[in-house]
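Can you build the whole structure from these sequences, using the hints too?
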Amino acid sequence: MFTFLWGGLSHFDTSDMKPLAPDDIRSAFRPIQTTVPGTHIVEHWRRMARLAQHYSIIRKLHHSRFIHQPARASSLASIRGWKPPPG
0 MFTFLWGGLS HFDTSDMKPL APDDIRSAFR PIQTTVPGTH IVEHWRRMAR LAQHYSIIRK
60 LHHSRFIHQP ARASSLASIR GWKPPPG
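According to numbering that gives the first Met the number 0, the residues represented by the sequence shown are 0 to 86, in order.
Derived from the structure by calculation, the hints contain no laboratory data.
Treat the hints with care, as some may be off.
Unchecked claim - Computed Cβ-Cβ distance ranges for the label pairs, DEER-style: (1) 9 - 45: 14 to 22 Å; (2) 17 - 75: 23 to 31 Å; (3) 12 - 65: 23 to 31 Å.
To be verified - Once the Cα atoms are required to be at most 20 Å apart in a straight line, the calculated EDC-like pairs of lysine to aspartate or glutamate come out as: (4) 17 - 42; (5) 59 - 12; (6) 59 - 15.
All C-beta atoms in this analysis are idealised placements derived from N, C-alpha and C, irrespective of residue type, glycine included.
Written out as structure tokens, the structure is:
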């Protein structure tokens with residue numbers, strides 16, 4: 000299963016809450032330990048925490064595009080030179 004939350008939840012509020020960061024940076028939610036040592040996710044995802052050994056968290060993607068749609072296509076589908084259809 001692949002979950003892509005286009006315009007959805009922030010990584011600061013789900014899997015990278017930075018609990019030791021200053022108030023204006025860290026998440027308002029608390030991290031909980033998962034079944035994978037050293038891996039924490041948001042407190043609201045308790046079942047996901049129990050299943051952590053069965054999935055991967057991708058923490059970073061990089062692309063050189065400045066427009067969302069071509070960047071999404073090239074990053075997620077490995078499509079180089081993607082251009083939107085006319086119209």
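Evaluation of the provided hints:
As the Cβ distance of residue 9 to residue 45 is approximately 19 Å, the hint placing it in 14 to 22 Å holds. The given range of 23 to 31 Å is respected by residue 17 and residue 75, whose C-beta atoms sit roughly 25 Å from each other. For residue 12 and residue 65, the hinted distance range of 23 to 31 Å is satisfied, since their beta carbons lie about 25 Å from each other. For the proposed pair residue 17 and residue 42, the alpha carbon gap of about 13 Å is at most 20 Å, so the pair holds.
The straight-line distance between the Cα atoms of residue 59 and residue 12 is roughly 15 Å, inside the 20 Å bound, and the hint therefore holds. Between residue 59 and residue 15, the direct Cα distance comes to roughly 11 Å. Compliance with the 20 Å bound is thereby established for this hinted pair.
Checked against the numbered hints listed earlier, the structure breaks none of them; every hint is satisfied.
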